[in-house]
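> Spelled out from the first residue to the last, the chains are:
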Amino acid sequence: MIKGTCWAAEDYVMAYDIIIQEYWTSAIDATENSKWVMAGVKEEFNKENAFKDKGFTFIVANHNFAGGGKSIEHVIAGLMGAGIKAVFATSFARLQFRNAINYGLPFVTCDGIGKGCETGDELEYDPKSGIIRNLTKKTEFQSVPAAPFVAEVGEAGGLMNYVRKKIAKGELIE
Amino acid sequence: MGMTITEKIMARSSGRDKVIPGELVWTDIQSVMTMDYLGKTCFDKFRSLGKTEVFDKNRVICVSDHLVPPPNQKFANMLNEWREVVKQHDITNFYDLGRQGIAHQIMVEQGHVLPGTISIGTDSHANTYGAVGAMGNAIGVTDAAVAMATGKAWFRIPQSVKFNITGKWQPWVMAKDLSLHIMGMMHWNGHLLYKSLEFTGPAIESLSMAGRMTLCNMTVDLGAKNGIVAPDKITERYLRNRTNEKWDFVASDDDALYDMVYDIDISDLAPTIALPGKLDDTVTVDKLIGTKFNKAFVGTCTNGRLEDIATMAKILKDKQVHRDVNMILVPASQTVYLEALQAGHLETLIKAGVAIDTPSCAACAGIHTGVAGDGDIVLSAGNRNMTGRMGSKKAQIYLTSPSVVAASAVAGEITDPRTFDI
Ligand code: SF4
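Just so you know, the sequences run in chain order W and V. Going by my numbering, the first sequence opens with residue 1, and the numbers climb by one from there. Going by my numbering, the second sequence opens with residue 1, and the numbers climb by one from there.
In short, the hints are calculated from the structure, not lab data. Some hints here could point you the wrong way.
[To be verified] Keeping only pairs whose Cα atoms sit at most 27 Å apart, straight-line, the calculated DSS-like set for lysine-lysine is:
#, chain 1, residue 1, chain 2, residue 2
1, V, 394, V, 287
2, V, 57, W, 165
3, W, 137, W, 166
4, V, 317, W, 47
5, W, 47, V, 393
6, V, 278, W, 47
7, W, 3, W, 165
8, V, 393, W, 42
Using the sequences provided together with the hints, build the complete structure.
Structure representation (structure tokens):
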């Protein structure tokens, strides 16, 4: 069970706004990337550590979270470095959905959640059942549970760990 | 129930008889591409998996495209580290400055992607590979590292959407116009997220490889997983001198299941333009006639090919780029550059007042070679027009085809190439 406050996006959140162009060629590093994460999404986050300092645990969004066709992993590293433990949205952009799975950050598909939460609401997420509770508003949402492979990668702490263990044991990847 | 071409490719690459949309599978990878600014991280991650040798030295393709030639010391240093790491891993296919090109162009043009197989790259526009009937997919550095180590990647089987394209291509109307038309019709955040887009029909069968590459290239901008054209005679001719490997004519079954089928008749498709800021904000050229701009750009993995340059040259022959316009052409690869030179196109363009630069991504990612400054209005044949994409946040980018860019560059304002006096 994960508990904490959420940031509710008002509009589309694009990958190239989560990490702005200046940082695309920087190293992928959770601490570094999190300093300027969300800088292009909202003016108030366009300050060093501005988003991170809010201490959000969750992000709630509508369609195509992290869209716009950028494959850079700085986006996921930055969100994780800022303390984000899960993102709930109606849908996700595939490049970042994939990266999130590979990093073990739950990108959780949940219809209608975008309209059901406001910034600052206290949420509780149960990864096993997929239930998201909004404790502030006393509402509940059923999200799509992670596929077994995705859950396994998540438990391993990401794809790198998952594959590293298999390689070390000489196991086949299939 | 039959399978679509993408399902078939994913089934054979994962050693199965059948796959169904939604399933997760590990598949074999034909080629893994990485490039200058993410490549070193790929190799570092790869070694951290406990491996020292990549799964196949011939099938990890390394390209310098975003940062070359280095415009500043930071990138020069990054490139040096990159070269070092590629050398260290004894990679056979390294397209460094001098042999460079935009990675997606290199992958197709040098025969690294094959019909019926899956290739991946650490850059969004890896969807381009669908032009030869391959499944091309953009991935992050983690997936690239895993594929370098194992020759495999995991995928979710996508649902397929068919675009049946009929009608006859009108003069000066290009594949880019169809791309932008579909963008306007389907929208960025729309129904095509995660989908596999298959382009078929008589207008695709008559489309050149360059056009197919443009079309598949921009499917990533629609949010799709991949775009694909089944291999045919044009593909066979194109690949003849590019690969010795065997491949076959994989195609969708007649009874394959599609999530949606769209019919588009291109007989009266007009040159199309995306307005600054959003890709799906498209209009036909007539709505913008007379709009002034001061920078013209042709290049990128979308429209930097020989056919695009030939189109420009036809329009600009014995003409002059307008005095209020700076025009830059950046061919997509050294091979394209040489072919354009041999065909005499570059001479035509230089005489017309076009600046030509060595192959790279150039200003497309706002890194170098003609970046946009405050107040610039750019008419570009690239693929992205978001605020700040080519440099200044105070610049505006209109996206369109090379023929619109060329005709408009002469007039000094947006012009319909169909009515232009050529
Ligand atoms: S040309 Fe532009 S879109 Fe294509 S790979 Fe380079 S930066 Fe990306």
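> Each of the hints needs a verdict: does it hold here or not?
The hints, checked one at a time:
no., hint, verdict
1, V/394 to V/287, "holds, 23 Å"
2, V/57 to W/165, "holds, 23 Å"
3, W/137 to W/166, "violated, 44 Å"
4, V/317 to W/47, "violated, 50 Å"
5, W/47 to V/393, "holds, 17 Å"
6, V/278 to W/47, "holds, 25 Å"
7, W/3 to W/165, "violated, 30 Å"
8, V/393 to W/42, "holds, 15 Å"
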